[in-house]
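2 protein chains.
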Amino acid sequence: MTMVLLREAVGQTLRAARTSQGRTLRDVARDARVSLGYLSEVERGQKEASSELLNAICTALGLSLSGVFSELSAELKIREGETLTVVDAA
Amino acid sequence: MTMVLLREAVGQTLRAARTSQGRTLRDVARDARVSLGYLSEVERGQKEASSELLNAICTALGLSLSGVFSELSAELKIREGETLTVVDAA
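Sequence order for the protein chains is A and B. First residue of the first sequence? That's 235 in my numbering, and the numbers climb one at a time after it. First residue of the second sequence? That's 235 in my numbering, and the numbers climb one at a time after it.
Certain hints may be false.
A pair counts as met if it fits within one copy or between any two copies, since identical chains are not told apart.
[Stated by the list, open to error] The calculated lysine to aspartate or glutamate pairs, modelled on DMTMM-like cross-linking and capped at a C-alpha distance of 25 Å, are: (1) Lys-311 <-> Asp-265; (2) Lys-311 <-> Asp-261; (3) Lys-281 <-> Glu-242; (4) Lys-311 <-> Glu-242; (5) Lys-281 <-> Asp-261.
In short, the hints are calculated from the structure, not lab data.
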């Protein structure tokens, strides 16, 4: 089973939360005290967020870590299913 | 709100899965193709696991990433509650 990369799923969850709040990268990066480039890379799944900075980003977005991972778990389950379907069809 | 560190929660979830299977660090590290020291540090929450190596460790343990994060989310929720209780009592 090819698994989804955690940093990509985390990035998409964080980006979805930010855009649903109508906020810019600049705004959230400032609140989280991370650089705009760092946040952008995390959102695109290009950089692993450290646990400390992930907490800072979640706090800036008004999210709990458990809430993020609850959403993430549901999302991963769907994607793992899609991956399995592709494997089954091959 | 002081949040739990993700790497500590991940480490405890992975260690709990390994010990419940009665397996050694050496055994799981070999299957995951990571060093014993790396796995040990990840389990103790001292090192952030990269997404790739987290997948390898999950595969070695026969776990899906979604399963790990579902469990993790429940665990985080409990711990965030404990943290909040301490804050409320202060």
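Each hint, compared with the structure:
In this assembly of identical chains, Lys-311 and Asp-265 lie within 25 Å of each other by CA distance solely across copies; the values are 23 Å between and 31 Å within a copy. In this homomeric assembly, Lys-311 and Asp-261 never come within 25 Å of each other (Cα to Cα): the closest approach is 31 Å inside a single copy and 27 Å across copies. For the homomeric pair Lys-281 and Glu-242, the shortest alpha-carbon distances inside one copy (9 Å) and between copies (19 Å) are both at most 25 Å. Taking the closest pair of Cα atoms, Lys-311 and Glu-242 come within 25 Å of each other both inside a single copy (14 Å) and across two copies (22 Å).
Proximity of Lys-281 to Asp-261 under the C-alpha cut-off of 25 Å is restricted to the intra-copy arrangement: shortest distance 19 Å within a copy versus 29 Å between copies.
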